[in-house]
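Protein chains in written order, with the working numbering: chain H, 1260 to 1583; chain W, 763 to 1079; chain R, 191 to 519.
These aren't lab readings, by the way, just hints derived from the structure by calculation.
It cannot be assumed that every hint is accurate.
What the hints assert, rightly or not - In silico DSSO-like cross-links for lysine-lysine, where the CA-CA straight-line distance does not exceed 30 Å:
#  : chain 1 : residue 1 : chain 2 : residue 2
1  : W       : Lys984    : H       : Lys1388
2  : H       : Lys1388   : R       : Lys272
3  : W       : Lys984    : W       : Lys969
4  : R       : Lys389    : H       : Lys1499
5  : R       : Lys272    : R       : Lys209
6  : H       : Lys1499   : H       : Lys1340
7  : H       : Lys1388   : R       : Lys209
8  : W       : Lys796    : R       : Lys209
9  : R       : Lys389    : R       : Lys281
10 : H       : Lys1499   : R       : Lys281
As a plain string of letters, each chain reads:
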Amino acid sequence: MPTHLIRRLFEAVLVLVVVAVVAFTLFRFVGDPVNQMVGQDVSIAERERLRRELGLDDALFVQCARFIWNALHFDFGTSYKFRQPVTDLIGARLPATLELAFAASVFAIAIGIPLGVRTGIHRDGALSKTIMAVSLIGVSLPTFLIGILLIYLFAVTLHWLPSYGRGDVVNLGFWATGFLTGSGLRALILPATTLGLFQLTLVMRLVRSEMLEVLRTDYIRFCRARGLTDRAIHFRHALKNTLVPVVTIIGLQIGSIIAFAIITETVFQWPGMGLLFIQAVQNADIPIMAAYLMLTSVIFVGINLVVDLIYHFIDPRIRVSGRL
Amino acid sequence: MSLRDDREGFGSVWNRRWRAFADSHLLYSFGRSKLVMVAAVFAVVVIGAALAAPLIAPTNPLDLASLDLMDARIPPMWMEGGDPRFVIGTDDQGRDLLSALLYGAQVSIGVSLCAVGLAILLGVGLGLVSGYFGGIFDTLIMRAADVQLTFPAILTALLVNGAARAVLGDQRLQGGEFWVLVVSIGLAFWVQYARTVRASTLQERHKDYVQAARLIGVPAWKIMFGHVLPNVLGPVTVIATINLALAIITEATLSFLGVGLPPTHPSLGTLVRIGNDFLMSGEWWIVFFPGLVLAGLALSVNILGDWLRDALNPKLR
Amino acid sequence: MSPPVLSVRDLVVEFATRKGPLRAIDGVSFDIARGEVLGVVGESGAGKSLTGTAVIGLVEAPGRIAGGEIHLAGRRIDTLPKDEMRRVRGKQIGMIFQDPLTSLDPLMRIGDQLIETIQTHTAATRAQARDRAVHLLEEVGIPAAAERLMAHPHQFSGGMRQRVVIALALAAEPDIVIADEPTTALDVSVQAQIIALLKRLTRDHGMAVMLITHDMGVIAQIADRVAVMYAGRIAEIGPVRDVIGRPHHPYTAGLMGSIPGLRSEHARLKQIPGAMPRPGAIPPGCAFNPRCDRVIERCRAERPDLSPFGHTSAACHAPISRETEEAGR
Chain H
1260 MPTHLIRRLF EAVLVLVVVA VVAFTLFRFV GDPVNQMVGQ DVSIAERERL
1310 RRELGLDDAL FVQCARFIWN ALHFDFGTSY KFRQPVTDLI GARLPATLEL
1360 AFAASVFAIA IGIPLGVRTG IHRDGALSKT IMAVSLIGVS LPTFLIGILL
1410 IYLFAVTLHW LPSYGRGDVV NLGFWATGFL TGSGLRALIL PATTLGLFQL
1460 TLVMRLVRSE MLEVLRTDYI RFCRARGLTD RAIHFRHALK NTLVPVVTII
1510 GLQIGSIIAF AIITETVFQW PGMGLLFIQA VQNADIPIMA AYLMLTSVIF
1560 VGINLVVDLI YHFIDPRIRV SGRL
Chain W
763 MSLRDDREGF GSVWNRRWRA FADSHLLYSF GRSKLVMVAA VFAVVVIGAA
813 LAAPLIAPTN PLDLASLDLM DARIPPMWME GGDPRFVIGT DDQGRDLLSA
863 LLYGAQVSIG VSLCAVGLAI LLGVGLGLVS GYFGGIFDTL IMRAADVQLT
913 FPAILTALLV NGAARAVLGD QRLQGGEFWV LVVSIGLAFW VQYARTVRAS
963 TLQERHKDYV QAARLIGVPA WKIMFGHVLP NVLGPVTVIA TINLALAIIT
1013 EATLSFLGVG LPPTHPSLGT LVRIGNDFLM SGEWWIVFFP GLVLAGLALS
1063 VNILGDWLRD ALNPKLR
Chain R
191 MSPPVLSVRD LVVEFATRKG PLRAIDGVSF DIARGEVLGV VGESGAGKSL
241 TGTAVIGLVE APGRIAGGEI HLAGRRIDTL PKDEMRRVRG KQIGMIFQDP
291 LTSLDPLMRI GDQLIETIQT HTAATRAQAR DRAVHLLEEV GIPAAAERLM
341 AHPHQFSGGM RQRVVIALAL AAEPDIVIAD EPTTALDVSV QAQIIALLKR
391 LTRDHGMAVM LITHDMGVIA QIADRVAVMY AGRIAEIGPV RDVIGRPHHP
441 YTAGLMGSIP GLRSEHARLK QIPGAMPRPG AIPPGCAFNP RCDRVIERCR
491 AERPDLSPFG HTSAACHAPI SRETEEAGR
C-alpha cells in the first residue's frame, strides 16, 4: 500500500510540474511581459534594463525554474491590468470562491445521493421517472441560464433574495467569511443552488446507474436469497458498493465546481477567483491566468489524492492489489 | 462472436454494421418514445431554420447600418408597445430579435459542429495511434490525456481562448472569434474519443485476423481504417452526439462570459449576455427567447444522445 | 411416508416481451422428500435455474410465475406476501449460486455477512451469532474459523469462498437448499471436496437439496433422484440408478449417450442432432420431436404427460422399453 501511495504522489507531482511548465510557457511567450508592464512611451534602453531586471535574458530553464520557485513561495508576479501582486488579488478572492464551492457541494451531495438511491431502487416508479426527466433538463440547461432564471424568479419578481454580491462578510484576519451574517447566508443561496444543481443531477444519475448495476450482481441476489431485509440490502450492501465510483466522480466534480464557479460568479457578480479569472481572460492578463491555472491544478490534484486515500477505507481489495 | 468477426473480409464489416443497425433496437425504440421524436423534430426544425437563416430571417442583423436605435428594446408584437415588424421584439441596438436569433443559432450550431468535428479528428487519430503503435506514443498521448482530464473542459476552453487572445491581440482577433472558439472547444473534448478508440484498438490488435493481416504485409493504416475504425463507430457516434450538446452549451457559456462571439456577430450565448443586462428593468424577452432556443436545443440533442447510447449499446450506460 | 418438504405443481414461468408472454417454464411438477437430494439436469436454457429461482421466489421482472403452486413443508409459498416470503428465504430455503467469486459482498467481512444473516432469522445476540458463525465455518471445513471471520472475501480461494457461501446458506438451518451449479466454477479437485461436503451436510442435518447441474457425474455421486429438463418441461424423473441405467425418454437416453463412461464402454459417444428450441419457438406436441429418432405422428400433435414406466416417470409417447432396446441391438 505505501508503494501505491508513493506512486500516486509521484504522479501528482508530475502533473503539477507539467502544469507549471504550461503556465510558464503562457507567462513567458504569450504576450511580452515587458510590453504589458510599461507604457508606449518608455525608451528601448529602459525596456532593456527592465528585461534584465526581470531576468528575461537568462537561459529558459533558469527562468522556468525561477518561475516555479517563485510560485512555490506564492509569488506569481504582478497583474498587467491591476498593477498589483497576483497573490494579493487571488488571496482576497479565494475565500469567496471556496465558500461558494463548499455550499454547492454540500447541496449537491446531500440531495443527489438520496435521490439517486431512491430512483435506483424504484427504477420504474412514476416519481423516479419524473425525477429522471427533470434531471435531464438540469443537465441540459447551461449554468448561466439557471442562474438568470433564479435571479428573475427570486430577485427580480419576488424580491426574496439578493441577485448579486456576497452580502456582509466578517473578516477573520486572513479570511472574509459570509457564513456568519444573515445577509451573507442569504446571498449564498442563489449562487450555491445554481452552481450545485448541475452536480446534483450528475451525482444523482451516477448513484442511480451504479445502484442499478450493483442491484443486478450475484452477491445482491445472494443477499436476497438469504432473506435479508430490503433495507439491509439497499443501504448496507448496495449503497456501499456504489461508493467507489461515486466518490471518484464526486471528487472530480468538486474540481469542476471550482471551474464552473467562474460562470456562477459572473452571473451573480460574486467577488471570487472565477470572476477575477474571467476578467483576466478578457484582458489577456497572463499572470493571473497562470496563477489561477496552477492554483486550481493544486486543488484538483489534491482532491484526486484524497479520493485515492478514501478508496483505501472503502474497498479492502485495493489495499492488497494496489488498484481494482 | 469474435471468432466469426475474425473471418470476415474488409467490406463486410461495414455491411454487418449496417445490418446490425437496421435490426437493432434503434429504429424500434425511436418509434416508441414520443420524447425522442419530439426532441428529433425540435432539433431538426431549429437546425434547419438556423441553416436557412439568410432566406427566412426578416432582416439581416449583421448589417449594422440598417439598425435604428429608435427601434431599441421594443417588446414582442402581442404586448403593449409591440411592433408588427418585430415579432418577438428587438434588442438594445434595435435589432430584430427573431432575425438575430436565427443567425445566432446558425453561429452556435456551426461552432459546435466544427468543434466536435475537430475533437473527433484529434481524438480518434490519437487514439488509433496510441492503441495501435503503443510504446512511447501511447505513453505520451495517454499521459497528456490524464493531465487534461484533471481539468474540466470549460477551463481548458477558457485557457486556450485566453492564450489565443493574448497571442493574436484584439485587432487580429476580429472576425477570427469563430475559429478561436472552435479550437478552444475542440481541444477540450478530444480525450474521451482517444480513450475509447485506444481501448478498442488494443482489443482488436490482438485478434488473429489483425495479426494475420500484419504478417501478409497489409499496411497499418489499412488495418486501422478497415477494421478498427468500424468497430469504434458506435461509441464514437454516441459520444459525439452527447458532446454536441456539451459543445453547444460550452460555446454559449464562453460567449455569455464575454470571451466568445462579439455582440456585432452574436451567437445564442452572446444574445443571452446582452439580454441579461436588461433583465432587471423588466425587458425579459431579450434574454428569454435566445435562452429558450438554447436550452431546447441542448436538451433535445441530449435526449437524442441518451437514446442513441441506450439503443446502440446498453453497456455504455 | 412423510409429506414432501417441497412440492411443485404445474409451475409456469413467463417473461413479458414485446411480442407477448414467453413461456420459459411450462407445467413443471416434482416433489422433494425430507433429506432427499433431487438432481435437476438439462442443457443450458432448459429452465433448471429458473425453476430454482421460482421456488425461492426471486423471479425478476419481466419474468413472473404465471401458474401452478409451490408448497413448502405443507404451506403454499408462491402466493405469500413479499415480506413473509422474505422470511422464508434463508430461514426455510437456502440457496447456493454458481460462482463463489461473485456471490459474496466484496466490501464486507465474511464474519459480518454471517452474523447479519443469522441475526436476520433468529433472535440471537451478536455474541451468540458470532459463536454460531464460527461453528458454521468450522462445519464447512474452514480452518482457523474464528480468525477468518475478520477476513474479506478476496482473501479466500474459490473453493474456500464456496464453503463460505454454503455456510451462509446454512446459517438458519433451512429445510431445503437449492444449489445452482455449485461446483461448475471450481477446479475439478475442489469440486470433489465441495460435493463431499454437501453430501455430509445433507446426512448430518437431514436437509433436502435441489441440486441444479448439467454434470451427470455430480448427479451420479450425490443425488437420490433426478429430473431431466428439456425446453422448460420435465422429460423424465425418477431414482438416479433407473434414469441413468434404464432411461425411457429418448432425450434422457441421448443425454446419457453423450456422457463418456456412464454407460457400457463399447457404446459410441453419441451426439443428439440439432439444438434445444428457445422459448417461443417450441414446436407443438412434444418439445423434443424435431430431434427425436423415435418420433411418431402423435408426438407432433399431442403433448405427452409424465406417466410411470417402472420406477421412473417419462413424458413420451414412444418410450424406450427394455424389449425394444434389446431388439434394437
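Verification of the supplied hints:
1. W/Lys984 with H/Lys1388: 46 Å, violated
2. H/Lys1388 with R/Lys272: Holds - the C-alpha atoms of R/Lys272 and H/Lys1388 are around 24 Å apart, at most 30 Å.
3. W/Lys984 with W/Lys969: 15 Å, holds
4. R/Lys389 with H/Lys1499: Violated, because 36 Å separates the two Cα atoms, which is more than 30 Å.
5. R/Lys272 with R/Lys209: With Cα atoms ~29 Å apart, R/Lys272 and R/Lys209 stay inside 30 Å; holds.
6. H/Lys1499 with H/Lys1340: This hinted pair is violated, its Cα atoms lying about 50 Å apart.
7. H/Lys1388 with R/Lys209: Roughly 24 Å between the alpha carbons, so the hint for H/Lys1388 and R/Lys209 holds.
8. W/Lys796 with R/Lys209: 20 Å, holds
9. R/Lys389 with R/Lys281: 20 Å, holds
10. H/Lys1499 with R/Lys281: Within the cut-off at roughly 25 Å; holds.
Of the numbered hints given earlier, the model fails hints 1, 4 and 6; all others are met.
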